[in-house]
Amino acid sequence: MTDRRSPAIRALRRIGPRLAPLTLIAVIVIGVVVGSVGGLRLGAPRSAAAWAFQAALDGAVARGRVLVAFDPDIGTYAEIRPAVRAALAQLAAHGASLSFISFSPEGRALAVAELDRLGRGSVQASHLLDLGFRAGAEAGLIGAVRSAIPDAASGALADGLRADGGGVAAFDMTLVVGGTEIGPRSWVEQVAPRVPQLRALAIVPTVLEPLAAPYARSGQLAALLATTRDAAAYVDLVRGDPTVAGRPATTISDLPPAALPILLGMLLTLGALADAIAARFRRPTDGEEIAA
Amino acid sequence: MRRSFPAALLLIVGLLLLLDLLVANPSLDALTGGIGQVVVVLFAAAALLGAGALAARHARGTLDPDGDRVGSTLVLVGMAVVLIPGLLAPEGASSAPVRWVVGALLVPIGASLLALTAVFVIPAARRGIRLRGHDNGVLLLAAMVTIVLLLPLGGAIGEALASAAGWLLQVPVGGVFAGLLLGLALATAVAAARVLFGLGGADD
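Protein chains in written order, with my numbering: chain A, 1 to 292; chain B, 293 to 496.
The hints are simulated quantities; they were obtained by calculation from the structure and are not laboratory data. Just so it is clear, CB atoms sit at the ideal spot from N, CA and C, and this is done for glycine as well. A hint or two may mislead.
Beta-carbon label-pair distances, calculated as ranges [claimed, not checked]: (1) L303(B) with A163(A): 18 to 24 angstroms; (2) G35(A) with V305(B): 55 to 61 angstroms; (3) V463(B) with R162(A): 44 to 50 angstroms; (4) L313(B) with I30(A): 24 to 30 angstroms; (5) T480(B) with R162(A): 31 to 37 angstroms; (6) V482(B) with A152(A): 29 to 35 angstroms; (7) G35(A) with A483(B): 53 to 59 angstroms.
Some chain B residues near chain A, calculated using beta-carbon distances under 8 angstroms [to be verified]: (8) L323; (9) G325; (10) I414; (11) A417.
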């Protein structure tokens, strides 16, 4: 079959797919350089999930001892990091103590970095506790229901938790930062039947939203942040909260995500997907490889 | 009925764990706590064995002239970069070098690899639609609709897109996944009951 299109168009069609990744990178860099643009908004307007999450972490209800179950995946943590930091900022601003525990190695590695960041800020050392890594995945989680405070942990916070039993029930609330290995599902299935009075909130990446959302709708999770737009809306709410904004310890994120590069990347992806569908109906040309 | 030792062990452990959830008894609590500790140790041992097997395999790979020597070397170097500072520093995994490896290397590399998925999915989609046009076409259309609904736009358009995305997630997608979770839970419960009571072919 002879391709009657001009050589320039044929050449462009041949090298186009190879240039696509470079084009994507160039477009995203341009978007980052240009910065914020009017009319674009990363946060979902009137996000009920964001309002519910902020209300659940409000100072009236979220003061006291909070267990931060930190098990995100390294690959998707960048997506939820701004929301996680905003939640920690909101809790710290209201005087809640933060005790970090991890049941996955990736979560532990990321928890150490977050603890270091919070410790370098103005979160009081007496309000920060590292409960470390518990091996055994869900078996470790069940073990933490009985005893979550390691022998090496010291200080008034650790002693107070030990005095109240030393298990998960000694905490007033749990913030589950979930990933594929350990997340809200594990907490609802393994911990909720054993400690029914414990309030649990969760932040998970978008890919886990369909699995976590049924637990939020049934009330087994007090609040859930699971999509990028809801998470961005929540970050906006926390930035506007006068009790949180301006506190050095509560730096929400070093680099807030910009809407323009995300929009450009999404439009480019849309174009590529539309072209893939259109290619189905185009007659194959000499230069195009027929994979079949 | 032929019954193996693992099936009997599973039956006893399963019944003990169930009883512990139903009955408040300190002795039973201590017993199931001990079983939990054994499981934790088994997990830890499996992880150590897995890491050892991976290291041994790639150590052999570096000597294999037909193998991927560069890849094997990179795996071993990567393991060493994380392991050695963690073992040598007194704070272990909380030490500054390990924190640097995680923050400056692992997290950006992991996020970049995940971001590259989109780049690799597009050529795969093009090939897929040529092979199985109808099925993959539906998949790509769904992906396009999802992307459109998540476009970061403000104003009335953004509001409409966000509410449509919320409806899509809560009603059709949420319904499917809620059903999936219920179905999985029921299937797991039935399979567990069959194993516990030695019904069908699952007892051996």
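Task: Hints the structure fails to honour - done: 1, 4, 6 and 8
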